[in-house]
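J.: One letter stands for each residue in the lines below.
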Amino acid sequence: DTAVSQTPKYLVTQMGNDKSIKCEQNLGHDTMYWYKQDSKKFLKIMFSYNNKELIINETVPNRFSPKSPDKAHLNLHINSLELGDSAVYFCASSQSNGGGDEKYFGPGTRLTVT
Amino acid sequence: QQQVKQSPQSLIVQKGGISIINCAYENTAFDYFPWYQQFPGKGPALLIAIRPDVSEKKEGRFTISFNKSAKQFSLHIMDSQPGDSATYFCAASIGQAGTALIFGKGTTLSVSS
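One line per chain: the protein sequences are D and C, in this order. Under the numbering used here, the first sequence has 47 at position 47, and the numbering climbs by one with no breaks. Under the numbering used here, the second sequence has 31 at position 31, and the numbering climbs by one with no breaks.
Just so you know, the hints here were simulated from the structure itself, not pulled from any lab data.
Derived CB-CB ranges, DEER-like:
1) D53/C <-> G16/D: 47 to 55 Å
2) N62/D <-> K71/C: 32 to 40 Å
3) A3/D <-> I20/C: 28 to 36 Å
4) M15/D <-> G60/C: 45 to 53 Å
5) I12/C <-> P8/D: 31 to 39 Å
6) Q14/D <-> Q14/C: 43 to 51 Å
7) V60/D <-> L46/C: 20 to 28 Å
8) S110/C <-> I55/D: 31 to 39 Å
In this text the structure is predicted, and so the values were computed from the model without any measurement. Glycine included, C-beta positions come from ideal geometry on N, C-alpha and C.
Start from the sequences, fold in the hints, and give me the full structure.
T.: Shown next, in the form of structure tokens:
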């Protein structure tokens, strides 16, 4: 069974479109994250959700909005896509126990904006 | 400002050799230092992690060395194998609930047979 799954794996779209990436974890974790990996492989945190509450929101454009319908899901909605949004987006989850929790990453969604 | 600096950017090691990747951090509040391994087309996966109360941790062929006073930590891969060829990321976080990892820029390791 896949611990953290993402759909779709590949997403090709045009500038200006709105798209969503879905993430589900079956580990019973209470915290979920979205990371962006750019073309140079740099991983940067975008959002973190703990028990359905946003607790981190780094300097991400407000065109990006995370939505968590329940503890097992954290979807990423992107409005008015731009060329610079092209990247691989990783969902992750962890069980927060007060320190040093292991993050489990999904397989990633490669977004290409043309 | 990059909080976790990683070097080298790329590394080529012969099979059986030792691979060494170094990281330095700035925020003294960090108290959890993991290393993640990423294969092409896959998500990062935890390899080994250390807390600042110990100076070294070993798991199989992988060892983390930690120098709190210098704010540096490193990953040593002994007897490197072609299957170790991947991108390695050091990271750091503050041990609070839901704290995100701050990653280094990654090191691409190639182990030649």
